[in-house]
Amino acid sequence: MRTILIHSPYTSNSQMFDPNEKEQQDFSTVKSSIDKSMLEGSLTRINDPAIYLRERLSECGYNLKSADDSSINDCEWVFFYDSMSVRPYYGWRGLARKIKSIILGKPLLRNLYDECIRAGMGNRIALFLWEAPAVSPENMDPELHKLFPIIFTSHDELVDDIKFFKVCVPQMRQFPEFPQVHFNQRKLLVNISMNKFSNHKDELYSVRRDAINYFEQAHPDNFDLYGLKWNQPGTLKERLIPWLRRSYISYRGAVKNKWEVMPNYRFSICYENVRDVPGYVTEKIFDSMRCGCVPIYWGANNINDYVDDEAFIDRRRFKSDAELDEYISNMTEQVYDLYQNAIQKYLNGPRFAKFLPPAFADTIINTLKL
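Quick note on numbering: this note's numbering labels position 315 of the sequence shown as 305, and the sequence is numbered without any gaps.
Mixed in with the good hints, there may be bad ones.
Heads up, simulated PhoX-like pairs for lysine-lysine below, C-alpha to C-alpha not over 20 Å straight-line [as the list claims (entries may be wrong)]: (1) Lys219 / Lys177; (2) Lys136 / Lys153; (3) Lys335 / Lys309; (4) Lys186 / Lys219; (5) Lys359 / Lys55; (6) Lys359 / Lys156; (7) Lys90 / Lys186.
Label pairs and their in silico Cβ distance ranges [as the list claims (entries may be wrong)]: (8) Ala208 / Leu98: 38 to 44 Å; (9) Tyr79 / Val325: 50 to 56 Å; (10) Ser237 / Gly112: 48 to 54 Å; (11) Leu328 / Glu133: 28 to 34 Å.
Treat the hints as calculated values from the structure; they're not laboratory data.
Beta carbons: idealized from backbone N, C-alpha and C, even for Gly.
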C-alpha cells in the first residue's frame, strides 16, 4: 500500500487519528500539562475528517499517516498543514518560536519540505491553508505559495482551480444527542472561546471582548462566558502589570464539550478570529447550530453563500451591541422557532453537506487523481 504523509505542527499520528482526541489548535499557548478534558469547547473537528479521509484513501490503496519520523522513501504525496509546517522558523515570529523551543528544551520541528525537494518530490507536495490571517499571516505570503504545485484553501479569492483548490473547513460527521431545553428555560446568551489577541487589522478578538463586556454588564444573570485564558493575563503588558488584566464577572470556566452547555442558551456569540475573509467559515457557527442554539455570526463577508440567511443572526445588521441586545432580548418564542426550523432544514440540506468529511475527501481524491 502506498503512503501519504501529513506534516502538521499541531498533532502527532496518535492524536490525528484518535476519535477521542480533543481539538487543540493553539499549542503555543496551551500548556501540555492541562488536562485534555479542559480544552475550551473542544470537539473532534480535526480528527473526524482526518479519520474519514484515511478510510477513503485506504480504499484507493493509500496509507494516510502523520509524518512524525516517517521516511519519505516510496511516499506518494506529502500534505503540509499551514505555513508553520513548511517554514517553522521563518521571519521574526519563527525566530521567536525557535528561541522559545530552545529555552524550553523542546525538539525543533522537522524540515520535511527540504527533504521532499531533495528527494525530487516537488510535484507531489500539497499545502493546506487552514488558519486565518489573524492567526497565521504567513499563510497569505505569495512566496510560500510559490513553493507548492497544489494548495487547498477555504479562501474564495485565492481559488482558481489550477493551483488553488477550494475546500470548506470540514466538520465532524455525527453530533451527539443532547436534552432539548424549552425556550423559557434557556438563558439569553453564551460565548465559548479562547481569549486571544492579534494585531491583524481585521481581527475579531477585540470585537468579541467588546461584546462580552457589554452583555455581562447588561445581563449579569443571563449571559455566561466559557473557555480558556479569560482568567489569565493575555498580553505582555498584562503579565508585567497584573492589575491591568480585565476581570470577567461572567466567566464560568472551561467546558469539556459545547453540547453540554450551549443547549441551555437561546443564542451564542459565534465570531470568527478574523472578518471579511471570503469562504473562511469554521466550526463556530455550525457547533452552535448543531447544539440547537441560534448563532450570532460575524466573519466571512460572503457567509450567505454558505449558510441560509434564516438560520443565523448576522451581526453586521446591527450598529452596536446595544442594538443587537434589543433584537435578541425582545425576540418572541414564535420567531425563535422560525430560526430553529431554518437551522434544521439547513443542517439536513446540500449546502451544509459541503462542510462534511465526504465532500472534503472527494475534493482531495479528485484533485490529486488518487
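Against the structure, the hints:
1. Simply put, Lys219 and Lys177 have alpha-carbon atoms about 23 Å apart, too far for the 20 Å limit, and the pair is violated.
2. Of the pairs offered as hints, the one joining Lys136 and Lys153 holds, with about 10 Å between alpha carbons and a cut-off of 20 Å not exceeded.
3. Straight-line distance between C-alpha atoms of Lys335 and Lys309 comes to about 29 Å, which puts the hinted pair past the 20 Å bound.
4. Simply put, Lys186 and Lys219 have alpha-carbon atoms about 8 Å apart, close enough for the 20 Å limit, and the pair holds.
5. Distance restraint check for Lys359 and Lys55: the Cα-Cα separation of roughly 19 Å lies within the 20 Å cut-off, and the hinted pair is therefore satisfied.
6. For the hint linking Lys359 to Lys156, the alpha-carbon distance of about 15 Å falls within 20 Å, and the restraint holds.
7. For the proposed pair Lys90 and Lys186, the alpha carbon gap of about 19 Å is at most 20 Å, so the pair holds.
8. The given range of 38 to 44 Å is broken by Ala208 and Leu98, whose C-beta atoms sit roughly 48 Å from each other.
9. A hinted range of 50 to 56 Å holds for the C-beta pair Tyr79 and Val325, which are about 53 Å apart.
10. Our hint of 48 to 54 Å for Ser237 and Gly112 holds, since their Cβ atoms are close to 53 Å apart.
11. Against the hinted window of 28 to 34 Å, the Cβ-Cβ separation of Leu328 and Glu133 comes to about 49 Å, which falls outside the hint.
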